[in-house]
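Sequences are here, hints too, so could you generate the full structure?
Going by the working numbering, the letters in the sequence shown line up with residues 1 to 356, in that order.
To be clear, the hints were calculated from the coordinates, so they are not data collected in a lab. Watch out, some of these pointers could steer you wrong.
List of simulated lysine to any residue pairs, SDA-like, C-alpha gap at most 20 Å [to be verified]:
1) 306 / 322
2) 306 / 254
3) 306 / 320
4) 306 / 252
5) 306 / 317
6) 306 / 197
7) 306 / 321
8) 306 / 44
9) 306 / 41
10) 306 / 45
11) 306 / 67
12) 306 / 319
13) 306 / 247
14) 306 / 193
15) 306 / 251
16) 306 / 196
17) 306 / 69
18) 306 / 40
19) 306 / 195
20) 306 / 42
21) 306 / 318
22) 306 / 253
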Amino acid sequence: AGPGRRSGGMGWALLGAGLLLALYTLLRHGLRRPTPPHHRPTLRGRTAIVTGGSGGIGAATALELARCGARVVLAARSAPRGEAAAHRIRTETGNPEVRFMPLDLASLRSVRAFASAFLRQEPHLHLLINNAGERRGPPEPPRAPPGHPPGAAIAFFAGVSAGGTTEDGFSLSFQVNHLGHFLLTQLLLRRLQDSAPSRVVIVASSAHCTGRLHPDTLGRPPPGPLSTFQDYCDSKLANVLHARELATRLQDTQVTCYAVHPGFVNTELFRHVPLWLKPLFVPLAWLFFREAAEGARTPLYCATQKGLERFSGRYFADCRPQEPSPPARDDRRARELWEASERLLGLGGHGGSPPP
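Now the structure itself:
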């Protein structure tokens with residue numbers, strides 16, 4: 001009787017484990033909104049830059065662009081990771097036109113050096129994917145903003161900057177996510193215009209909904225116990241406003257731009273989560289977060305889909321235009337951010353900056 005009872009208990013345990021696995025899978029696919037399949041256009045003869053292209057969404061985006069035949073420049077901070085990613089993409093796609101170039105957005109000197117080297121070496125630029133970001137965690141996980149799923153809180157926790165300041169004196173998150181990309185875009189703008197039709201895709205986030213921008217304190221860490229979290233949200237609001245104002249200034253140039261929310265993506269987000277929190281966050285991330293290839297869908301859609309010109313300056317999520325928060329639709333705020341960013345970067349209306 002003993003062995004029989006043990007066998008029966010094992011059977012019930014296996015059945016229970018199977019039911020839990022089935023429930024887990026149903027929750028995973030039921031709570032995560034599916035994204036439409038990505039159509040692969042022909043991009044032969046077109047050149048793309050993907051910042052943060054050595055991993056995560058950036059690497060997934062670069063991989064798909066290479067599969068479409070584009071010449072792809074992976075702009076990333078780490079040379080070993082960047083070279084390895086370029087080699088991996090060349091091998092997987094059979095496209096030899098994939099290269100790495102060093103870019104550290106936390107250093108304005110590095111941004112200028114990258115732009116100078118690119119302009120010397122590459123005659124064309126059709127796609128600029130401003131994807132790279134500084135992502136780590138704040139002291140404690142915040143609550144999800146109203147109207148967002150519970151997973152949003154986890155996304156924001158894993159997606160904010162580690163804090164600190166750069167060698168240029170700006171908050172790390174705000175420089176990497178906004179100021180560095182703003183400068184890069186300005187320095188490459190003439191090449192984008194000369195290569196038109198061309199596009200700029202700025203990877204933002206739904207975290208922009210809790211962003212607050214004050215031109216007189218722009219680039220400084222915000223006060224409060226969740227300073228790093230707020231700084232990240234502010235930088236994401238800046239991303240959406242940057243795309244809006246850039247579109248206004250580039251009307252009738254055949255250069256269009258889009259801000260995108262890639263979804264909550266499970267890339268390398270949990271490197272900095274305390275060990276005691278990982279048993280909680282990892283299963284929740286599996287439920288709510290997308291894989292990097294899924295997160296790349298909307299950036300790729302805005303980079304390659306035909307007929308999006310009339311949506312220039314808009315905010316996209318799940319491969320369709322969405323309404324961002326009211327502050328992100330404020331044209332006056334977008335113009336003020338542009339002018340303040342120019343002042344902080346010493347552009348003064350020059351450096352390729354188009355007039356309003």
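The hints, checked one at a time:
{"no.": "1", "hint": "306 / 322", "verdict": "holds, 18 Å"}
{"no.": "2", "hint": "306 / 254", "verdict": "holds, 13 Å"}
{"no.": "3", "hint": "306 / 320", "verdict": "holds, 13 Å"}
{"no.": "4", "hint": "306 / 252", "verdict": "holds, 17 Å"}
{"no.": "5", "hint": "306 / 317", "verdict": "holds, 17 Å"}
{"no.": "6", "hint": "306 / 197", "verdict": "holds, 11 Å"}
{"no.": "7", "hint": "306 / 321", "verdict": "holds, 14 Å"}
{"no.": "8", "hint": "306 / 44", "verdict": "holds, 16 Å"}
{"no.": "9", "hint": "306 / 41", "verdict": "holds, 9 Å"}
{"no.": "10", "hint": "306 / 45", "verdict": "holds, 17 Å"}
{"no.": "11", "hint": "306 / 67", "verdict": "holds, 18 Å"}
{"no.": "12", "hint": "306 / 319", "verdict": "holds, 13 Å"}
{"no.": "13", "hint": "306 / 247", "verdict": "holds, 17 Å"}
{"no.": "14", "hint": "306 / 193", "verdict": "holds, 18 Å"}
{"no.": "15", "hint": "306 / 251", "verdict": "holds, 18 Å"}
{"no.": "16", "hint": "306 / 196", "verdict": "holds, 14 Å"}
{"no.": "17", "hint": "306 / 69", "verdict": "holds, 17 Å"}
{"no.": "18", "hint": "306 / 40", "verdict": "holds, 11 Å"}
{"no.": "19", "hint": "306 / 195", "verdict": "holds, 17 Å"}
{"no.": "20", "hint": "306 / 42", "verdict": "holds, 12 Å"}
{"no.": "21", "hint": "306 / 318", "verdict": "holds, 16 Å"}
{"no.": "22", "hint": "306 / 253", "verdict": "holds, 17 Å"}
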